[in-house]
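There are 2 protein chains.
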Amino acid sequence: MASGIPIPMRSLTVKFHYNDLASIESLFEEHPGEIACVMLEAETTEPPMNNFLHKLQRLCKKNGALLIFDEMITGFRLHNGGAQAFYGIVPDLSTFGKAMGNGFAISALLGKREIMELGGLYHDKERVFLLSTTHGAENHSLAAALETMQIYQQQPVVEHLFRQGDRLAKGVNSAIAESGLQDYFQLAGKPCNLIYITRDQEKNRSQAFRTLFLQEIIKRGLIAPSLVVSFSHTDRDIDTTIEAIGESLNVYRKALAEGVEKYLVGRPVKPVFRPFN
Amino acid sequence: MASGIPIPMRSLTVKFHYNDLASIESLFEEHPGEIACVMLEAETTEPPMNNFLHKLQRLCKKNGALLIFDEMITGFRLHNGGAQAFYGIVPDLSTFGKAMGNGFAISALLGKREIMELGGLYHDKERVFLLSTTHGAENHSLAAALETMQIYQQQPVVEHLFRQGDRLAKGVNSAIAESGLQDYFQLAGKPCNLIYITRDQEKNRSQAFRTLFLQEIIKRGLIAPSLVVSFSHTDRDIDTTIEAIGESLNVYRKALAEGVEKYLVGRPVKPVFRPFN
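In the order they appear, the protein sequences are chains A and B. So the number in the working numbering is just where the residue sits in the first sequence, counting from 1, plus 305. So the number in the working numbering is just where the residue sits in the second sequence, counting from 1, plus 305.
Mixed in with the good hints, there may be bad ones.
For identical chains, the list gives no copy identity; a pair is met inside one copy or between any two copies.
Claimed, not checked - Keeping only pairs whose Cα atoms sit at most 20 Å apart, straight-line, the calculated SDA-like set for lysine to any residue is: (1) K430 to E507; (2) K567 to D542; (3) K575 to T438; (4) K475 to I420; (5) K367 to Q520; (6) K575 to H428; (7) K403 to H440; (8) K403 to H445; (9) K403 to E443; (10) K367 to Q491; (11) K417 to Q520; (12) K575 to G476; (13) K403 to G441; (14) K417 to S308; (15) K417 to G309.
Think of the hints as simulated: they come from the structure by calculation, not from any bench.
Looking at chain A on its own, in the form it has when it is part of the complex (with noise of 0.2 Å):
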């Protein structure tokens, strides 16, 4: 998706791997003092290994670089507080957004009063402004935001998120398991943050196998591009979900043994993200 970015703005980035500190530790030393800060989600698909966010952060301060977590989905899922509360560290800078405001269009970036304070007034330096907007004025969705986290402060939404998500999973491991499909259709993420991985019989992840099973729940009434629960939902959309994916993974098997173009009716879906369509 560079088509667009001036190359002197792609080459201002570069990549590591998550839960894999040495390949950050060569990309310091590869560009010692010029690395500002790093930003990840805190938390995809994969938990943190072996406390990799509490060495990224010590990594981070010895090389004088900011560490920025992105929590627009781990905010208010994982913990009220996000991922950095669930993992008991506090990153430099982080944003929320998303289950922030329930559906309405807020976000919010927080961080430590020293980095905060440079967009503020009470200092020397040169100013770094971090906020000017025509909409900054606009209510509604402060209103949206500040009723909703007083929810999420009064009412067990994230224990729920986590409680209906585990019996989610466990009802669908199961359809898994009694399908025999353990090495191709799989879950992955949190309770709370479910998502899922389809593959074809070389058990290479498919598109057109992804395609199959939306092809499948649809028929019976469920949309989920992902198995992210809410706090709306109940005992009984969780087993009428896990009913429905029981009976996909049955057409998803026979794909598997006769050829997914047998079953599929269109064409199969592409991801979001690609340069080319």
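Using the hints provided, position chain B relative to the given structure of chain A.
Showing chain B alone in chain A's frame:
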């Protein structure tokens, strides 16, 4: 305001002067084949002179650069179709917002089909990803924009802005003339989009005098960092505004004679965009 913006990014942009075609010609000569687009507000305080916009369009076409209008302020104000409709010119791309949703957070990118299609699905080139947002499906802003644009079409909003702005400009200019302040307090911009300029004894732009003026109008119940009228402003609102400004200009005149410090209660306001506090 460049603090925090990497030098390679800053060096991707070069600047020209509005209404000065030669300043753009020389940039095209200095950077042959390297200028992707020319971006500007089609009009701010100064109208296009000597067919500037049309000549700029020809210059861009000749050099293979896109012409992009920022119509955030001019859209639905100079004309329902923005400055491009007012001046009869079609830029390659343009942006609308602000008045479009009458306070709700919505904006639009418009453009010629062959450019906009690069973000779409019906071509074989590398994709240019124009939009991917969490809140892309948020709909109350869209509803607000549809309703607002319908009102612009059904009621004489733009005409009202021009008429009331004209009434305001005439009244304020009379007050300026009565106080003999023609060289010190001035209006600029179209009637629909008036701003004011404050000058000190040496006729230099002055934030201290701007602050004094703000102080005096606020005392008289008027908050006006600019003099941009809206559809809800009645004749009576305009007359009250002229009266408050007239009285404030009397204080302004005294401050010119006796020193602004004598009349200023607090410290002078600073411009929003400034490198240091």
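Provide an ascending list of the numbers of those earlier hints which the structure does not satisfy. The structure conflicts with hints 1, 2, 4, 5, 10, 11 and 12, although it agrees with all the remaining ones.
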